[in-house]
Every structure is written in C-alpha cells, then in structure tokens.
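Can you build the whole structure from these sequences, using the hints too?
Under full-length UniProt numbering, think of the first position of the sequence shown as 1, with each following residue one higher.
Watch out, some of these pointers could steer you wrong.
[Claimed, not checked] Taking CB as the label site, the calculated pair distances span:
1. Asp54 to Tyr91: 27 to 35 Å
2. Met45 to Gly83: 45 to 53 Å
3. Val12 to Gly176: 28 to 36 Å
4. Leu209 to Ile100: 15 to 23 Å
5. Met1 to Gly216: 40 to 48 Å
6. Pro82 to Val197: 47 to 55 Å
7. Ile24 to Val151: 18 to 26 Å
8. Val198 to Arg224: 37 to 45 Å
9. Val198 to Ile93: 20 to 28 Å
10. Ala105 to Arg30: 20 to 28 Å
I should point out that these hints are in silico values taken from the structure, not numbers from a laboratory. Built from N, CA and C at the ideal position, the CB exists for glycine as well.
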Amino acid sequence: MIAALALVLGMVIGFFITDPVLYIITQPIRVVAESRGEAGSVELMFSTVTSGFDLKLRMSFAIGLLISAPFWMWQIWAFIMPGLTRKEVQYTIGFLAAAIPLFFAGCWAGLLTMPHIVELMASFVPEGAAAFYDAAYYYDFVFKLLIVVGVAFVLPVFLVALNLAGVMSGRAILKGWRVAVLVAIVFGALATPAADVVSMLLLAGIMVLLFFAAAGVSLLFDRRRAKREAAILPPEALA
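Here it is, written out as structure tokens:
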C-alpha cells in the first residue's frame, strides 16, 4: 500500500514535469529541423485526438516509477531483509550500491548516444521530403534505448554476484573475455544504427571496460577468499 501510494504521488508529480522532459528528449528533432532549414519538414506528430494525453500518462508513469523508487525499493527490502543472513544483507547492500549508479550511468550514456542516432537516421531522409516522428513511437524508442543500455551497464555487477556466490571464479570470468568483447560489439551494433560506428564503439568500449573491472574485482575476491581458507585450514589439508 505504501509503495502504491508513493507511485501514485510520483505519477502526479511526473504529470506536471512531462513537458520539460519531452523538450529534452526531442532536442535532436529540433537540431535536425534547423540543419535542414525547411519549415515544417521535421516535426513530432500526434496522430490521434487522445495521443497527447496518452503520451503524457505513459511518461507520468515512467517518471513516477523513478521518483518513487526509494519508497518502493525500501518496501521490498524491508519485506525480504528479515529472512536474510547478515552476510546476505551485506552482499545485497553492496549489489544495490553498485547496480543503481551503474544503471543510471547507462541511462545517461544512452541519453548521450540517442541524439546522434536520431540525427544520423534523419540524414537518410531524401531532400525535399518531410520527416514526421510519431510521438508514441519516438518515446518508445528513447525509453527502450535508455532501459536497455542501463541494464547492460548492470550486467558486470551480476558477474561479481555470481563470483561471491561461488558459481564462477574470477579466472573463469576473465577467460571469457573474447566472448564478452564479441557480445559488447554485437550489442553496440544492435543498440545503435549500423552507420553510426563512433557511437557503437563508444558503447561497446564502455561495456568491455566494465567487464574487465568485474573480472578484476572477482579475482581480488578470490584472492582474499583463498587467504582466509589458508589461514583456517591446517597445513596438511592444503598439501
């Protein structure tokens, strides 16, 4: 009930700030319109009578979910925390402390990449032709891009979590660096237009750096774990 109430209040606040948010994410459209120099050639289009209100509601929900995140995340945490051991609580706090900033960093990277994608795709519109972007489709494109890139930035934290759980060693994670580089390049190619090589390499490069950072942290944890085991076990058990 508390989480639902926080979400509703967040949606109310989000309803009143959708216009500034929409202005920010539609900046590439204005840049493209200025570069073409043709009045009315590039515009955001609302194709139905209620499409403006529908888009405002969808944006309000997304913004409300973000604003109310501290409240509903705390309610989830308060529900599961009594069933966790002390070490599990520490691991969970560490995971959230790393995952949340990385997710928002990924969203920020997606927001920086998005204008280049829109501008590049608009360059393929023939001269003299008009480009009308459906508002709902444009919002879906931006929203999905931010979510996908944000989740991609969190994946290295899952590798560290698997290492802490004893599922994968740091050496095993590092051994898969070729696969990780290939996956990062493929993801960068899918998340950005084929012709935008710079954005693809930038996104893939950040993901590869995060992978190696996760491998390094896992190796460090393995080393500390080995030292603890060596200190506990008798010498004959190590022989």
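Each hint tested on the structure:
Under the hint 27 to 35 Å, the C-beta atoms of aspartate 54 and tyrosine 91, about 41 Å apart, miss the expected range. Separated by about 51 Å at the C-beta atoms, methionine 45 and glycine 83 satisfy the suggested range of 45 to 53 Å. At roughly 46 Å, the beta-carbon separation of valine 12 and glycine 176 lies outside the given 28 to 36 Å, and the hint is violated. Our hint of 15 to 23 Å for leucine 209 and isoleucine 100 holds, since their Cβ atoms are close to 19 Å apart.
For methionine 1 and glycine 216, the hinted distance range of 40 to 48 Å is satisfied, since their beta carbons lie about 43 Å from each other. Restraint check, proline 82 to valine 197: a C-beta distance of roughly 51 Å satisfies the suggested window 47 to 55 Å. Checked against the hint of 18 to 26 Å, the C-beta distance between isoleucine 24 and valine 151 comes to roughly 21 Å, which is consistent with it. A C-beta distance of roughly 39 Å is found between valine 198 and arginine 224, which places it inside the suggested range of 37 to 45 Å.
Between valine 198 and isoleucine 93 the C-beta distance comes to about 37 Å, which lies outside the given range of 20 to 28 Å. Alanine 105 and arginine 30 have their C-beta atoms about 26 Å apart, which keeps the hinted 20 to 28 Å range intact.
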